[in-house]
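Chains as they are written, first to last, in this note's numbering: chain S, 1227 to 1478; chain Z, 695 to 1133.
These are calculated hints, taken from the structure and not from any lab test. There's no promise every hint is true.
Stated by the list, open to error - If you want the footprint, here are the derived chain S segments under chain Z, 3+ residues with CB under 8 Å: (1) 1270 to 1279; (2) 1287 to 1297; (3) 1331 to 1342.
Think of the CB as a built atom: it goes at the ideal place given N, C-alpha and C, for glycine as much as any other residue.
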Amino acid sequence: MITIKNLHAKVAGNEILKGLNLQVNAGEVHAIMGPNGSGKSTLANVLAGNEAYEVTEGEVIFNGKNLLELAPEERACEGIFLAFQYPVEIPGVTNSTFLKTAIDSIRKYRNEPEISAKEFLALIREKAALLDMDNKLISRAVNEGFSGGEKKRNEILQLLMLNPKLAILDETDSGLDIDALKIVSKGVNHFRSPENATIVVTHYQRLLDYIVPDFVHVLYKGKIIKSGGKELALELEEKGYDWLKTDEVEAV
Amino acid sequence: MKNELKTDFKYFGLYADWVKRMNSSYNSLFAAESEAALGKLEKISFPTIKDEDWRFTNVSPILKAGFVPATKNDFSEKTLEGKINAEFYSGLEAHKVVFVNGFFSEQFSDIKNLPENVFIGSLKKASEEIPDIVKKYYGKTLVNQNAFELLNEAFTSDGLFVYIPKNVILELPVEAVFIADNAGGKMISPRNLVIAEENSEVNIFTDYSSSAAEMYFTNSITEIFGDKNSRITFLEVQAENNESYRIGTTKMRLKDSALLNHFVLTQSGKLARNNLNAELDGENIEAHFYGFYIAKEKRHIDNHTFIDHAKPNCFSNEIYKGILEDEAKAVFGGRILVRKDSQKTNAFQSNKTILLSDKARIDTKPQLEIYADDVKCTHGATVGQLDKEALFYIISRGISSEAARSMLIKAFANDFLEPIKLDVVKENINNRIFKTIEE
């Protein structure tokens, strides 16, 4: 699905990613963990095409295409989706208008006809119900006046509606209570299929109790310094990151 | 300086001639006021950029152009046929009042059956039919008039008059269209007067436009009186051609528990200066002032507002926003006065501008004068570009950058659009804003 080779990226002049390698195949869920400032959010933003982040070296091949050459909207149309850590409020634009515009833009890119109003409504109702979202939230302006939990839920609603090939969840668990965490996880698990893949960027292990990863990677100072199965997350929960930092020093 | 300006100002000699040419369309009820205004004009100067309130807006092009007061003979209603309907909000059922170059047009107006004692239409006609009511209010908000106000007073002939007596709720809105036609080189001086008596309600939508791209000057005065418990919505759209100049003065006086929603959208014009002055002369008044301005090329839009909290326990909410492109300039002057005894005043002011180019510019100047000690006053001004993070958020969903920009502009304009209660009008204003931006 996606192959990241020797990725280097800067933000505001500081090099954050320093040679990151990662291979994610269809059907897999990868968790990226690491301490603050290790480059987790940078990776998520670089993959989605945020212009505030500058790629200085390396390549990213997404389903055979050079991802770094594509504009953010083209990446979305190719099937990349980023669930934002801090979703943006858009007053005056309703959730349903926003999503219909997004779906139609993606369909247009793929030379598919627009979604009918009826089909759209049925789809959004189904997905909202799955996330225990009030129908009223659908007709409200995008994220405007939403609580932190509602915003994150809304990100997952967008994920389910756009049904991408690769979902990148950037700290989706931050600021969520346990009930919201369960609902958000339910949404992500519903999305999971053998045809798509998910990268879960998180600080804490607790999200991974609900979204069980196939692989866990530890990102530290812009590189992946350790990879393992889901048990690695538990080990990190228990021991913290310090033992890995030592390992890295020894390795160097 | 004064003498220099007087040389530019050619109106004194024109007055007698103008009165003669006006013939029957001259409003003789206010002949004394007109002549007095003309007399005062001789003694004061037009504002210059040396005056603090006019620092950023140079009106000398208006004075130098030598505009001549419009008369009713300048245009023919026949040539306007077919053009007028397009000016209305389509689908809005309303009492329609049309003015051409500041003169009431019976032919194009459509004033439906009115409740008893309600008057909607021409100020001139009202001053003939109900002179006592008109005289009770006419000019009463105007004190220490500046030269443009005096100029209007001297040369006005007519304007919108709305009178809603006590306890009347006017169900249909009033839609007033002011169109400039064959107006090249002319000065148009509409004089509007709105009176909402105790416990009455009225919604007024006004629209200024031009039939052709001619250079002319609109110098308007609108006086609005809201008595106790009155509820007034007043929306003004300034959509005149991009050769035109405008000085618009709006003066309001509100009494106890009045509710006011005032909107002004400036979408075109070479130079527009709006002076808005609201006197909150009662308690428990709620007054909202919404402004939106869009300017491109080298156009200039200046909004100066003055909210006078003259009594305690009132709430004023002022939100002015704008979008500037190219080398356009805008000015916002927001003065709020809370007088010594006006305790428990709650005043909010915000001015936000999006600059879509490096050369566009806004000068914003909040001015809070607070003499009471138990008040809540906040103000804020921001200037910036479209939020890059928000743009990224939208395009990361597959939406094109152009559509994303439109969405953010819509989000930005929402503070102006959302409080417009009538959907037909809201939709129309929304479309105007987008059409103007996309032009």
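Comparing the hints with the structure gives:
1. 1270 to 1279: Holds: 5 residues of the region 1270 to 1279 of chain S have a Cβ under 8 Å from chain Z.
2. 1287 to 1297: violated (count 1)
3. 1331 to 1342: holds (count 3)
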